[in-house]
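Protein chains: 2
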Amino acid sequence: MCESKKHESYLKYRDELIEAGLLIPSGVQGVFGRNKTFEKVVAAFENYVSKMASERKCEVVSFSPILNRAHYLKTEHVYNFPDLLGSIHSFKKREPEQAEMIRKLNDNEDWTRDLDPTDVMMTPAACYPVYPANSGTLPLGGKTIDLTGHVFRHEPSDDPARMQIFRQREFVRLGTADEAREHRDYWIKMGKIILDSIGLKVKVVVANDPFFGRGGRLRKATQREQDLKHEFIIPICSEEDPTAIASCNYHLDSFGSKFDIKTDNGDIAHSSCIGFGLERVALALFKTHGIEMGKWPSEVLNILEL
Amino acid sequence: MCESKKHESYLKYRDELIEAGLLIPSGVQGVFGRNKTFEKVVAAFENYVSKMASERKCEVVSFSPILNRAHYLKTEHVYNFPDLLGSIHSFKKREPEQAEMIRKLNDNEDWTRDLDPTDVMMTPAACYPVYPANSGTLPLGGKTIDLTGHVFRHEPSDDPARMQIFRQREFVRLGTADEAREHRDYWIKMGKIILDSIGLKVKVVVANDPFFGRGGRLRKATQREQDLKHEFIIPICSEEDPTAIASCNYHLDSFGSKFDIKTDNGDIAHSSCIGFGLERVALALFKTHGIEMGKWPSEVLNILEL
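Protein chains in written order, with numbering that gives the first Met the number 0: chain A, 0 to 305; chain B, 0 to 305.
No lab work stands behind these hints: they were computed from the structure.
It is possible that some hints are incorrect.
No copy labels: a pair is met if it fits in one copy or bridges any two.
Claimed, not checked - Straight-line alpha carbon distances no greater than 25 Å define the calculated PhoX-like cross-link-like pairs of lysine-lysine that follow:
id : residue 1 : residue 2
1  : Lys261    : Lys39
2  : Lys39     : Lys50
3  : Lys35     : Lys261
4  : Lys202    : Lys191
5  : Lys286    : Lys200
6  : Lys56     : Lys35
7  : Lys35     : Lys142
8  : Lys92     : Lys103
9  : Lys103    : Lys73
10 : Lys257    : Lys103
11 : Lys92     : Lys73
12 : Lys39     : Lys142
13 : Lys294    : Lys103
Since the structure is predicted, the reported quantities are computational estimates derived from the model, not experimental observations.
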């Protein structure tokens with residue numbers, strides 16, 4: 000599909016979602032409110048995932064959409080995705096400078112230069128706060144963490160599936176290399192079972208995404224060879240350019256070494272995770288089964304208890 | 000209580016919450032993760048509020064923690080609370096500038112000056128996205144909107160009840176002056192009933208908070224005279240300096256005129272809201288009934304269905 004056709008299909012689905020009231024436009028690309036039905040679908044999917052994962056012992060936690068700036072910088076995200084980051088700035092000066100900032104604002108000059116960086120950044124992946132929170136020695140058998148969090152990615156787009164802020168449901172494993180790989184392998188299978196069972200016929204593909212380490216280009220080949228990233232893809236707006244609605248990542252000891260996480264025998268911990276993009280799952284459901292939730296196949300409604 | 004005593008009491012309760020695992024420190028003041036028990040209390044309180052408010056017909060929506068920058072600027076928050084705002088910046092330049100930014104980062108220079116403001120800001124109050132989303136003419140009888148959202152306030156503090164990011168459950172009324180006042184009066188009563196019933200003996204006080212209009216100082220007296228802001232206060236860390244865990248605000252036609260919201264007969268709409276600070280309510284519950292949720296009075300556990 001040529002780019003302009005693809006763009007048309009983005010606008011068409013986006014407008015259909017807005018027309019149906021499922022998404023509420025904000026005037027900024029990729030930033031939407033959601034109505035009760037959309038949120039019901041997201042909550043139903045979350046409950047279903049919880050049920051399907053109930054055999055896996057998890058620690059349930061919750062983090063905020065913002066991250067300690069020092070922790071952000073340790074992840075090296077800034078080296079690979081500076082265009083996606085969100086740095087939070089505020090006004091830290093005093094009265095005379097305040098008057099000058101307000102003058103700039105009123106005169107349509109760039110007033111934001113008078114702000115200073117705060118100690119926080121937007122969270123680029125829901126699992127990032129997990130690693131610094133687990134610095135130290137893990138219990139025997141490691142840990143599995145279950146969380147839902149907000150993710151910010153500065154990539155304004157008309158594709159409704161490419162939001163600047165969205166929620167991820169993640170299961171993160173911290174432990175030995177074997178434990179991290181077992182978690183990854185389990186979730187590649189379970190992720191497909193979950194998504195298939197609600198009518199989302201995803202394809203699992205090995206993906207390249209230089210999400211850790213400096214010098215993204217060099218790392219791409221290595222990562223692909225090692226099968227570190229698997230994506231669950233399905234067409235939402237475009238058949239030729241399907242969307243990843245979930246992904247499984249094995250990070251080797253990347254986070255373990257950056258945040259000093261050790262297994263109970265003193266080795267650097269390995270980690271892996273699965274992340275479901277909750278808005279993308281909902282958008283895939285509305286695309287696959289129709290914009291009116293009440294008319295979805297009864298099997299899907301039953302499974303999701305909708 | 001002198002300032003140092005107050006500060007001690009902040010640290011004591013904060014450390015108690017961390018020790019119990021309820022809050023997970025991030026290394027930044029006022030930014031915490033929460034464990035399953037803390038989130039269960041928040042969810043239980045939300046469900047209870049929904050039940051108590053079920054006689055009021057509401058439109059349920061959900062917004063993201065970020066706000067259209069143009070909408071943010073219309074609210075005039077920047078004039079009154081520049082020190083609290085959160086402006087989101089990202090890297091918008093190209094390769095040569097990227098190398099220079101990375102050099103600064105590696106040399107411990109201020110790399111954030113190479114970022115540019117994006118089209119979004121952190122949301123300063125959960126109801127802010129409601130007003131631009133309702134530009135235009137309201138249906139007869141106006142609208143009541145029910146939402147939970149994240150709020151950012153740059154005020155780093157050791158007081159665990161003064162977080163930089165937290166959640167507000169809000170009920171927002173858009174309509175005539177009479178409708179807005181009725182909503183405010185209803186919620187002043189209902190808010191107290193809800194909080195009292197779970198053992199939080201709040202005091203409702205008229206507060207001053209120059210939250211709209213330029214020239215905060217002048218407005219303070221006016222606002223107090225008009226009883227525009229009521230706070231539900233209760234001691235959390237300090238008896239002498241109680242914490243507002245909820246507030247009721249009548250905005251007159253401030254948001255209506257800024258965002259061109261009209262009643263069905265063409266008048267500028269008035270608005271009012273109640274906001275419950277969800278983390279603060281939970282912290283007040285843990286302070287009042289004890290750090291172990293299982294040992295709370297059975298009446299409170301029953302009401303909250305915990």
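Against the structure, the hints:
1. Lys261 <-> Lys39: Neither: 39 Å inside a chain and 30 Å across chains, both beyond 25 Å.
2. Lys39 <-> Lys50: This pair counts as both: shortest intra-copy Cα distance 16 Å, inter-copy 17 Å.
3. Lys35 <-> Lys261: This pair counts as between: shortest inter-copy Cα distance 24 Å, intra-copy 43 Å.
4. Lys202 <-> Lys191: within (8 Å within a copy, 53 Å between copies)
5. Lys286 <-> Lys200: within (12 Å within a copy, 49 Å between copies)
6. Lys56 <-> Lys35: between (31 Å within a copy, 13 Å between copies)
7. Lys35 <-> Lys142: Classified as between; 15 Å across copies, 34 Å inside a copy.
8. Lys92 <-> Lys103: both (15 Å within a copy, 23 Å between copies)
9. Lys103 <-> Lys73: Between. Shortest inter-copy distance 16 Å satisfies the 25 Å Cα cut-off; intra-copy 35 Å does not.
10. Lys257 <-> Lys103: Only across copies: Lys257 and Lys103 sit 21 Å apart there, 41 Å inside one copy, limit 25 Å.
11. Lys92 <-> Lys73: between (28 Å within a copy, 22 Å between copies)
12. Lys39 <-> Lys142: Answer is between: at 21 Å across copies they meet the 25 Å cutoff, but 30 Å inside does not.
13. Lys294 <-> Lys103: neither (53 Å within a copy, 56 Å between copies)
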